[in-house]
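Taken in sequence, the protein lines are chains A and B.
Counting with numbering that gives the first Met the number 0, you get residues 0 to 418 for the letters of the first sequence.
Counting with numbering that gives the first Met the number 0, you get residues 0 to 418 for the letters of the second sequence.
None of these hints come from the bench; they were simulated from the model.
Hints are not guaranteed to be accurate.
To be verified - Simulated coverage check for chain B against chain A, where a stretch passes if three residues somewhere in it have a Cβ under 8 Å from a Cβ of chain A:
#, stretch
1, 40-46
2, 388-402
What the hints assert, rightly or not - Reference excerpt, derived from the structure (chain A facing chain B, CB under 10 Å, subset only):
#, residue
3, Asp19
4, Gly25
5, Gly46
6, Ala54
7, Ser200
8, Ala222
9, Gly284
10, Val287
11, Gly391
Just so you know, even glycine gets a beta-carbon here, dropped at the ideal spot from N, CA and C.
Protein chains: 2
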Amino acid sequence: MAPRVAASIVASGSELVRGDRQDRNGPFLAASLLALGVEPARITVVGDDPVELEAALREGLEHDLLVVSGGLGPTHDDRTVELLARAAGAGLRTDEQLATEIEEISRRVAARLNRPYADFEHGVRKQATIPDGATIVGLAGTAPALVLGLGERAAVALPGPPRELQALWPRVLETESLRRLLARAVAPQRRVLRFYGASESEVARALAAAGGDGDGVDVTICARNFEIHVDLFVQPGAESRAEELEAALSSSHLFSREEVATAELVLTLLRERGLTLATAESCTGGLVAARLTEVPGSSDVFAGAVVAYANEVKAAQLGVPDAVLRDHGAVSAETAEAMARGARERLGVDVAVSVTGIAGPDGGTAEKPVGLVFLHASGPMGERRLRFDFPGDRETIRGRAATAALHLVRRLVTESAQT
Amino acid sequence: MAPRVAASIVASGSELVRGDRQDRNGPFLAASLLALGVEPARITVVGDDPVELEAALREGLEHDLLVVSGGLGPTHDDRTVELLARAAGAGLRTDEQLATEIEEISRRVAARLNRPYADFEHGVRKQATIPDGATIVGLAGTAPALVLGLGERAAVALPGPPRELQALWPRVLETESLRRLLARAVAPQRRVLRFYGASESEVARALAAAGGDGDGVDVTICARNFEIHVDLFVQPGAESRAEELEAALSSSHLFSREEVATAELVLTLLRERGLTLATAESCTGGLVAARLTEVPGSSDVFAGAVVAYANEVKAAQLGVPDAVLRDHGAVSAETAEAMARGARERLGVDVAVSVTGIAGPDGGTAEKPVGLVFLHASGPMGERRLRFDFPGDRETIRGRAATAALHLVRRLVTESAQT
Numbered sequence: 000m001a002p003r004v005a006a007s008i009v010a011s012g013s014e015l016v017r018g019d020r021q022d023r024n025g026p027f028l029a030a031s032l033l034a035l036g037v038e039p040a041r042i043t044v045v046g047d048d049p050v051e052l053e054a055a056l057r058e059g060l061e062h063d064l065l066v067v068s069g070g071l072g073p074t075h076d077d078r079t080v081e082l083l084a085r086a087a088g089a090g091l092r093t094d095e096q097l098a099t100e101i102e103e104i105s106r107r108v109a110a111r112l113n114r115p116y117a118d119f120e121h122g123v124r125k126q127a128t129i130p131d132g133a134t135i136v137g138l139a140g141t142a143p144a145l146v147l148g149l150g151e152r153a154a155v156a157l158p159g160p161p162r163e164l165q166a167l168w169p170r171v172l173e174t175e176s177l178r179r180l181l182a183r184a185v186a187p188q189r190r191v192l193r194f195y196g197a198s199e200s201e202v203a204r205a206l207a208a209a210g211g212d213g214d215g216v217d218v219t220i221c222a223r224n225f226e227i228h229v230d231l232f233v234q235p236g237a238e239s240r241a242e243e244l245e246a247a248l249s250s251s252h253l254f255s256r257e258e259v260a261t262a263e264l265v266l267t268l269l270r271e272r273g274l275t276l277a278t279a280e281s282c283t284g285g286l287v288a289a290r291l292t293e294v295p296g297s298s299d300v301f302a303g304a305v306v307a308y309a310n311e312v313k314a315a316q317l318g319v320p321d322a323v324l325r326d327h328g329a330v331s332a333e334t335a336e337a338m339a340r341g342a343r344e345r346l347g348v349d350v351a352v353s354v355t356g357i358a359g360p361d362g363g364t365a366e367k368p369v370g371l372v373f374l375h376a377s378g379p380m381g382e383r384r385l386r387f388d389f390p391g392d393r394e395t396i397r398g399r400a401a402t403a404a405l406h407l408v409r410r411l412v413t414e415s416a417q418t
Numbered sequence: 000m001a002p003r004v005a006a007s008i009v010a011s012g013s014e015l016v017r018g019d020r021q022d023r024n025g026p027f028l029a030a031s032l033l034a035l036g037v038e039p040a041r042i043t044v045v046g047d048d049p050v051e052l053e054a055a056l057r058e059g060l061e062h063d064l065l066v067v068s069g070g071l072g073p074t075h076d077d078r079t080v081e082l083l084a085r086a087a088g089a090g091l092r093t094d095e096q097l098a099t100e101i102e103e104i105s106r107r108v109a110a111r112l113n114r115p116y117a118d119f120e121h122g123v124r125k126q127a128t129i130p131d132g133a134t135i136v137g138l139a140g141t142a143p144a145l146v147l148g149l150g151e152r153a154a155v156a157l158p159g160p161p162r163e164l165q166a167l168w169p170r171v172l173e174t175e176s177l178r179r180l181l182a183r184a185v186a187p188q189r190r191v192l193r194f195y196g197a198s199e200s201e202v203a204r205a206l207a208a209a210g211g212d213g214d215g216v217d218v219t220i221c222a223r224n225f226e227i228h229v230d231l232f233v234q235p236g237a238e239s240r241a242e243e244l245e246a247a248l249s250s251s252h253l254f255s256r257e258e259v260a261t262a263e264l265v266l267t268l269l270r271e272r273g274l275t276l277a278t279a280e281s282c283t284g285g286l287v288a289a290r291l292t293e294v295p296g297s298s299d300v301f302a303g304a305v306v307a308y309a310n311e312v313k314a315a316q317l318g319v320p321d322a323v324l325r326d327h328g329a330v331s332a333e334t335a336e337a338m339a340r341g342a343r344e345r346l347g348v349d350v351a352v353s354v355t356g357i358a359g360p361d362g363g364t365a366e367k368p369v370g371l372v373f374l375h376a377s378g379p380m381g382e383r384r385l386r387f388d389f390p391g392d393r394e395t396i397r398g399r400a401a402t403a404a405l406h407l408v409r410r411l412v413t414e415s416a417q418t
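If we strip away everything but chain A, and leave its shape as in the complex, we get (with noise of 0.2 Å):
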């Protein structure tokens, strides 16, 4: 098989590097490289401190491919110009006609603060003064983002912005530098598997037990939430070795092979099926209803959910029974029902799905632990009920409440069966 063509990522911010805030700039360009066949070696975060931006930039340009984020300002602290151009043994050179551009663009910003445009001239220079032989692929504000060849290799200097990152990454991938590296590469095709109800391990097991990865095909497995996501990355002529890993990994915990959040596809089943959906919730405090809501377009299915934290809210707004609440508590498959029924009752749509439970970490007691959880989805075609005992602290806890009351509502639809 021919050696990959690999790339390095470089994010540079002391925000980044200080942990206040996740860098997005190097899984964003990871995952577009490894789709187009580039194997992303290593993500580096660093700060401001020019000797560790340096020394990361140098031995990046080791790889096929070095992208690096941020650090393109107009102030004293953007190195990544200067410093890219030194470890690459370039010059560097003012682009008048870049700097015409920023010029015009700083003097409208500093109209609208109403300031002088005096404040702004130094960073101006700066913002135009690029490596020689880079080529300027757009600007992000007053930014450039620069593409510098370097004989079989490529150096790509971006906004660290993450939207501006994104969009000008595609003007990248078709200036001439990176069309060349791109043609040495070899995109593998991406199958996607996506389990609910199997563990983390005894997917590994089945992956090992089948062989492993290798020969062609790596596979990554991943839980989130508990769904477990596997990507298998298929290299040309290994095509039947992908085919035998899959089926090995196949069971009935399957729901999905496609890259689709899990949302999408239940709304789709809803859609299909010209049903309308509503949520109830409680611990999930408006989670379900967000991640429905996350997916464009969803308004012709999902009509909208109460969230009831109080026990007033939850009698008052979906009709719980004081008897219910009483009775069984806040917490129970019997106020689960309750609140599915009633949110289909009073949001007036065919499916709907509860959610009632203890995320913590106060709220347990022996009988009612942290982490109990109690799902209920009601539909034409039945009627479904969970009983969950989560791991984890609360954000655990809410968000795999969340996943299960999805997962409740897909199985609802396409396995029509009373539990």
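Mind docking chain B on chain A? Use the hints.
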């Protein structure tokens, strides 16, 4: 000022370097170390490739402290211990007591999964093999956390799963090697300024005008959903400089000097006044409620929410008059007001905030474009109305609208004026 004790963090995991998952260990460890006075110099994310991992470990060992997470499992892909020992020039030895502990756990797992222990045996020996001179800090599942003293320096190996790493980290800090290292570190004082209603550029300019950071005060500025988060890290002796900078940055947009989530701040303000709260949400789809309920103990203030995605739900659950929806539309100041007043009444709370808008990408018109959002906060002290034209994609618009809703409640409660 004494040279800073510096740390390098290595997070290993193929799902991380491929961008499937964002690394959480790097930011967690970096923030913890920073608060202890250790400077996080870099965070490097690598995959299973032993060449990259070993290179990252060798670079890491050039710093005072190396912390590596991941790769401590029983499979052949788990190479952290072996490569750390090699990079550190230490031998390997199998700790028999550790092997016994891990064997016990593995036998239980094997029994529960109905599999022969022989399948696990090799992994047990492997996980009990540690670098010469390493201290075992604890077990997470079957993986031991390790601390290797290296003279004035130290290396730490922790399991990859964030919850396990976070549980073991305090024990790592109590080991002799770490205590000795931390004794040389000077923990800076951290001061926090949170702004809303100012732009990031305005704050950055105020900082630059005051002389910028340095002189013992490091400043990070970070924008999140239009909140501006400013952190000042103050070295001993630089307190008066920090005071100067704080004074220069303070403005009417400053809403907090504490590292507290805005949702928690709002709940506290209401709790102090004996007030209850509900939300009525359309385009935010439950996000505001979800953020409020993320805060443990929110139930004494937060009663619930109505997510009224469909107009019928706005009418039926919140009592928004059909005439209002017909004459002004779902996205209007009038509907926002009716939703907020309706939530107060129907959910029986003192204060309610509503959000109705167009999150996109579809649904916008020339008259009501994507990003147009109306908010309304209603309470015994008065009413607050807000119209926003949020830039951004669906996720960004929803996030900014949710933050705006929380701040609208905050201002309603603290500013007690009708607008």
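Hint by hint, here is what the structure shows:
1. By the rule of at least three residues with a Cβ nearer than 8 Å to a Cβ of chain A, the coverage given for the stretch 40-46 of chain B holds, with 7 such residues.
2. Coverage of the stretch 388-402 of chain B by chain A holds. Counting CB-CB distances below 8 Å, 6 residues qualify, and the rule asks for three or more.
3. Interface hint at A:Asp19: satisfied, since its Cβ lies 6 Å from the closest Cβ of chain B, which is below the 10 Å cut-off.
4. Evaluation of the A:Gly25 hint against chain B yields a held restraint, the C-beta minimum of about 6 Å falling below 10 Å.
5. Proximity of A:Gly46 to chain B holds as hinted, the smallest CB-CB distance being about 8 Å (cut-off 10 Å).
6. Annotation: A:Ala54 was flagged as interfacial toward chain B, and the flag holds, the nearest CB pair being 8 Å apart, inside 10 Å.
7. Checking A:Ser200 against chain B: minimum C-beta separation of about 8 Å stays under 10 Å; hint holds.
8. Interface restraint check for A:Ala222: the shortest CB-CB distance to chain B comes to about 9 Å, inside 10 Å, so the restraint holds.
9. Evaluation of the A:Gly284 hint against chain B yields a held restraint, the C-beta minimum of about 3 Å falling below 10 Å.
10. The closest approach between the C-beta of A:Val287 and any C-beta of chain B is roughly 7 Å, which is under the 10 Å cut-off, so the hint is satisfied.
11. Taking 10 Å as the C-beta cut-off, the interface hint given for A:Gly391 holds, the closest approach to chain B being about 7 Å.
The earlier numbered hints are all upheld by this structure, with none contradicted.
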